[in-house]
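*Asks:* Residue-level listing of the chains:
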Amino acid sequence: MGFLTILFTKIIIFMLKIAKKNGGNLPGKLAYKMNKNIIKYFKLNCPVIAVVGTNGKTMTNNSVNRILTQSGANVISNLQGNNMETGILSLLIRNSSLTGKIKADYLTLEVDESYLPVVFKDLRLDTLVVLDFFRDQLDRVGEVESLILKINEFLKTYKGNLVLNNDDPNVARLGKANPENENIFYFSVDKYKFASEEMKEAGEGKFCPFCSTKLEYAYYQYAHIGKFKCPKCNFGNNEIYKLIKNVDLENRTFEIDDELFKIQFNSIYSIYNFAAAITATSLYNIKTEDVKQALENFVLNNGRQEKLVIKECETVINLAKNPTGANVSLRLVNEDNDPKDVLFVLNDNVADGKDVSWIYDINFSNLNNVNRIITSGTRAYDMAICVKNSGFPVSQIEAYLDLGEAVKALYSTKCKKYAISNYTAIQDTRQAIKSF
Amino acid sequence: MKELKILYLYPDILDLYGDIGNIKVLKYRLEQRGFKAIIDNYSINDEKPDFKNYDIVFAGGGADNEQKILAEDLIKYKEDIKQAKDAGVFFLLICGAYQLFGKYYKGVEGNIIPGLEVFDYYTEANPSRSNRCIGNIVIEAELNGNKTKVIGFENHGGQTFGIEEPFGKVLFGNGNKFGDTVEGFMQKNVIATYLHGPLLSKNPALADYIIKYCLERRYNEVIELEPLNDELENKCRLQLLQRFLEK
Ligand SMILES: [Zn+2]
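Chains as they are written, first to last, in numbering that gives the first Met the number 0: chain A, 0 to 435; chain B, 0 to 246.
One or more hints might be untrue.
A short, non-exhaustive set of chain A residues, derived as facing chain B with CB atoms under 8 Å [to be verified]:
{"#": "1", "residue": "L43"}
{"#": "2", "residue": "D138"}
{"#": "3", "residue": "E142"}
{"#": "4", "residue": "E197"}
{"#": "5", "residue": "A201"}
{"#": "6", "residue": "F206"}
{"#": "7", "residue": "K353"}
{"#": "8", "residue": "S356"}
{"#": "9", "residue": "Y380"}
{"#": "10", "residue": "S389"}
With a Cα cut of at most 27 Å, we get these calculated BS3-like pairs of lysine-lysine [claimed, not checked]:
{"#": "11", "chain 1": "B", "residue 1": "K67", "chain 2": "A", "residue 2": "K228"}
{"#": "12", "chain 1": "A", "residue 1": "K205", "chain 2": "B", "residue 2": "K35"}
{"#": "13", "chain 1": "A", "residue 1": "K190", "chain 2": "A", "residue 2": "K228"}
{"#": "14", "chain 1": "A", "residue 1": "K199", "chain 2": "A", "residue 2": "K433"}
{"#": "15", "chain 1": "B", "residue 1": "K105", "chain 2": "A", "residue 2": "K149"}
{"#": "16", "chain 1": "B", "residue 1": "K67", "chain 2": "A", "residue 2": "K149"}
{"#": "17", "chain 1": "A", "residue 1": "K205", "chain 2": "B", "residue 2": "K105"}
{"#": "18", "chain 1": "A", "residue 1": "K231", "chain 2": "B", "residue 2": "K67"}
{"#": "19", "chain 1": "B", "residue 1": "K105", "chain 2": "A", "residue 2": "K199"}
{"#": "20", "chain 1": "B", "residue 1": "K67", "chain 2": "A", "residue 2": "K199"}
{"#": "21", "chain 1": "A", "residue 1": "K433", "chain 2": "A", "residue 2": "K310"}
{"#": "22", "chain 1": "A", "residue 1": "K353", "chain 2": "A", "residue 2": "K28"}
{"#": "23", "chain 1": "B", "residue 1": "K35", "chain 2": "A", "residue 2": "K213"}
{"#": "24", "chain 1": "A", "residue 1": "K199", "chain 2": "B", "residue 2": "K35"}
{"#": "25", "chain 1": "A", "residue 1": "K120", "chain 2": "A", "residue 2": "K42"}
{"#": "26", "chain 1": "A", "residue 1": "K199", "chain 2": "B", "residue 2": "K77"}
{"#": "27", "chain 1": "B", "residue 1": "K77", "chain 2": "B", "residue 2": "K4"}
{"#": "28", "chain 1": "B", "residue 1": "K75", "chain 2": "A", "residue 2": "K205"}
What follows is a list of derived Cβ distance ranges for each label pair [claimed, not checked]:
{"#": "29", "chain 1": "B", "residue 1": "V107", "chain 2": "A", "residue 2": "P178", "range": "28 to 34 Å"}
{"#": "30", "chain 1": "B", "residue 1": "K75", "chain 2": "A", "residue 2": "T212", "range": "53 to 59 Å"}
{"#": "31", "chain 1": "A", "residue 1": "P230", "chain 2": "B", "residue 2": "E78", "range": "27 to 33 Å"}
{"#": "32", "chain 1": "A", "residue 1": "T212", "chain 2": "B", "residue 2": "M0", "range": "50 to 56 Å"}
{"#": "33", "chain 1": "B", "residue 1": "S129", "chain 2": "A", "residue 2": "P178", "range": "29 to 35 Å"}
{"#": "34", "chain 1": "A", "residue 1": "N284", "chain 2": "B", "residue 2": "R242", "range": "54 to 60 Å"}
{"#": "35", "chain 1": "A", "residue 1": "L282", "chain 2": "B", "residue 2": "N52", "range": "55 to 61 Å"}
Since the hints were derived computationally from the structure, they do not count as laboratory data.
All residues carry an ideal CB built from backbone N, CA and C; glycine is no exception.
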C-alpha cells in the first residue's frame with residue numbers, strides 16, 4: 000500500500016512538472032488521503048534534525064541546511080517553510096525512491112509545533128531544536144500553554160538530542176520533560192546593547208512552570224527572552240553548552256568559543272536563530288571553518304529581513320505574524336538612526352488568525368526618526384487606529400485598503416523604507432514593492 | 000485641569016488579547032481634549048489599591064492557567080470592589096475579568112472557581128475544550144438612549160448564564176453563549192463583555208460614553224465632549240459593518 004501511494008503521488012509530481020506547476024503540498028495531501036500511515040514507509044538512514052518554535056523556524060532550518068551543505072553533505076530540507084504534515088510528506092515523496100528510500104546525508108525540517116507529535120510518530124528524529132514560544136494567532140492556534148504541554152508530552156519518551164533556548168523559560172522547561180534524557184543542550188546569548196531591565200514587549204514567561212513563583216530576570220533581550228531564574232526552585236540555572244558572546248549588530252559579528260562569526264543580519268532574534276543552528280550542527284562534528292563560511296554568506300530573500308533598493312530608496316521587508324515578530328521588526332527600525340517611512344500590511348485571513356487585536360501588543364513607544372506610517376491589508380484601518388492611539392501624529396498616518404495605492408504612497412518620498420507584513424500579506428507585499 | 004483616574008488590574012497577567020488598547024484609547028481621547036489621564040497599575044504583590052478613589056476600574060482577558068493565580072489574589076478585595084461599584088465607580092471588564100466578577104466559573108471537570116460575586120451571573124466551561132465562541136462580533140447597545148453598533152472579536156470557551164441586563168443585542172457572532180441573542184452585562188456604571196478588538200478601538204462613541212459618565216460623576220456637572228477627528232475609526236466601522244452585516 001505504501002508503495003502504491005508513493006508511486007501514485009510520484010506520477011502526480013511528474014504530471015505537475017510537465018504542466019510546469021510546482022504543486023506545493025498537493026502530493027502530500029493526496030498521499031495522506033490514500034494512506035494515513037504513509038510516513039512509516041519511508042526508509043531513512045541519515046540523521047533527522049527538526050526545528051520548532053513560534054518565530055524563526057524558517058531562518059534556523061535554512062541556516063542548518065547551509066552549514067551542513069557547506070561541509071559537503073547532501074541535505075534535504077523544507078526550505079520554503081512547508082511545515083505541516085502534508086508539506087513534509089510532499090518533501091519526502093519528492094526525494095524518495097519508489098520503495099520509499101531517501102538518499103541523503105541529512106534531513107532537516109522545520110515543523111509546525113502542533114504537528115510535531117504526528118510527524119514524528121513514525122519518522123526518526125535525532126535532534127530536535129526548540130527556539131521560542133510566543134503568543135501567536137490565538138483564535139487559530141489557541142493559548143501558548145496548551146501547545147507547550149503538547150510538546151512536553153511528546154518529549155516525555157524522547158531520548159534524542161534536544162537543543163533548547165535557555166533564555167526562554169517556556170523552552171528551557173522542556174529540558175525536564177524526560178529526566179532520563181541525557182542529551183540536552185542549552186544555548187544562550189549574552190546581554191546585547193539594547194537589552195533592558197524591564198520587559199519592553201508583550202511576553203509569556205511570567206511564572207515558574209514548576210512552582211508558580213514569579214520569575215526574576217537579570218535582563219530582557221526582547222519580549223520575554225532573556226536571563227531569567229526562579230528565585231524559589233532555581234529553574235533556569237542550567238549548564239550552557241553554547242554561549243554566544245560579544246554580539247555586535249552594527250558590525251554584524253558575534254563570538255562562540257572564542258571564534259568570531261560574521262553574518263549578514265543585524266537583529267537580535269536572528270542571533271538566537273544562529274545560536275540554535277550552530278548548537279545543532281555542532282553535534283555532528285562540522286568544522287568551524289565551514290560554519291563560519293556558511294553563515295558569512297547566508298541571506299534569505301523571502302521577506303525575512305529582505306533588502307532591496309526601489310526608486311533609489313533602501314527598502315527592508317520583514318514578515319511579522321505575531322506581536323513578537325512585529326516588535327523585533329520595529330527594533331530593526333528603531334536601531335536604525337536614518338529617517339524612514341514604515342509600511343504595515345495587516346490581513347485577517349484564516350491563516351493569519353482572524354483576530355487582529357494582537358497589534359495592540361506592538362510597542363510603538365520607541366519610534367526613532369519615522370516620518371510616516373502607512374497601513375494596508377484587509378485590516379488597514381485597524382492598524383492605523385492602533386498607531387494613532389499609541390500617540391503617533393494622525394497627520395503622518397495614511398491608510399489604504401488597496402496595497403498598490405499604499406506602495407505608491409510609500410515611495411512618494413525619498414527616504415529609507417521598512418515594510419512589515421503579516422503571513423498572507425507578505426508575498427503580495429513583496430510583489431507590489433518589487434514591481435513598483 | 001480636569002482628570003480621570005484609571006485603575007488597571009493585572010496588566011502583566013490579563014494581557015493576552017490586546018485589551019490594553021482600551022486604556023490607550025481612553026488616555027488618547029482624554030488627552031486630546033485637554034483632560035489628564037492618571038493610570039495606576041495593580042498586580043500581585045502590590046499594595047492594596049483604594050478602589051473607590053478611582054473613576055474607572057479596568058481589567059482584561061488572560062491565559063486560562065494564569066487567571067486562576069490572580070482569582071485568589073483579587074478575592075481579597077471583594078468587599079472594597081462592591082463598595083466602589085455601589086459608589087458609582089465605572090467598571091470596564093473584558094472576557095476573563097467579566098467572568099471573574101460573577102458568582103463562579105465552573106470548569107470542564109465540574110470544578111468551581113469562585114468569583115467575586117459582585118454580579119449574579121455565572122459561567123460554565125463548554126464541555127468540549129476545543130469548541131469556543133471565536134470570531135468577529137457586532138452587537139447593538141444603547142448608550143444614553145442612542146442605539147450604537149459595537150464591533151469586536153470574541154474568543155471564549157465559557158458560556159455565561161443568568162444575565163438580565165445585557166450589554167447589547169447580537170447582530171453578528173455568538174454573544175454570551177453559542178448562538179445567543181444577547182452579549183455581555185451592563186449597568187449604569189458597568190460594562191462587562193467578551194468583546195476584544197480592543198473594544199474601544201473601533202467604537203469611539205462607547206469610549207466617549209464612559210468618559211462622559213466618569214467626568215460628570217467626578218465633577219458633578221453636565222459635560223459636553225468636544226468632537227475629535229475620528230476619520231480612521233469611521234472608515235474602519237464602515238468597512239467592517241459592511242463586511243459583517245451585509246452578506
Ligand atoms: Zn520555581
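*Asks:* For the range 53 to 59 Å, tell me whether the beta carbons of K75/B and T212/A fit it or not.
*Replies:* violated, 19 Å
*Asks:* Measuring from the C-beta of A201/A to each C-beta in chain B, is the shortest one below 8 Å?
*Replies:* OK, holds: A201/A within 8 Å of chain B, min 6 Å.
*Asks:* Quick one, is the S389/A hint okay against chain B at 8 Å, beta carbons?
*Replies:* holds, 7 Å
*Asks:* Does the structure keep K199/A and K35/B at a Cα separation of 27 Å or less?
*Replies:* Given pair K199/A, K35/B holds - Cα atoms ~24 Å apart, limit 27 Å.
*Asks:* Should the interface hint for K353/A be scored as holding, given a Cβ-Cβ cut-off of 8 Å against chain B?
*Replies:* holds, 6 Å
*Asks:* Regarding the pair K199/A and K77/B, is the alpha-carbon distance no greater than 27 Å?
*Replies:* At roughly 32 Å apart (the allowed maximum being 27 Å), K77/B and K199/A break the hint.
*Asks:* Tell me if S356/A is really an interface residue toward chain B, meaning its C-beta lies closer than 8 Å to one of theirs.
*Replies:* With a closest approach of 4 Å, the S356/A hint holds.
*Asks:* Is the gap between the beta carbons of S129/B and P178/A within 29 to 35 Å?
*Replies:* holds, 30 Å
*Asks:* Given the hint that K77/B pairs with K4/B, does the C-alpha gap stay at or below 27 Å?
*Replies:* The given pair, whose Cα atoms are some 20 Å apart, holds under the 27 Å limit.
*Asks:* Given the proposed pairing of K67/B with K199/A, does the C-alpha separation stay at or below 27 Å?
*Replies:* holds, 25 Å
*Asks:* Within 27 Å, alpha carbon to alpha carbon, are K67/B and K149/A?
*Replies:* Holds - the C-alpha atoms of K149/A and K67/B are around 21 Å apart, at most 27 Å.
*Asks:* Keeping to a limit of 27 Å between CA atoms, is the pair of K353/A and K28/A held or broken?
*Replies:* Within the cut-off at roughly 25 Å; holds.
Consistency with the previously given hints fails for numbers 1, 4, 12, 14, 19, 23, 26, 30, 32, ordered from lowest to highest.
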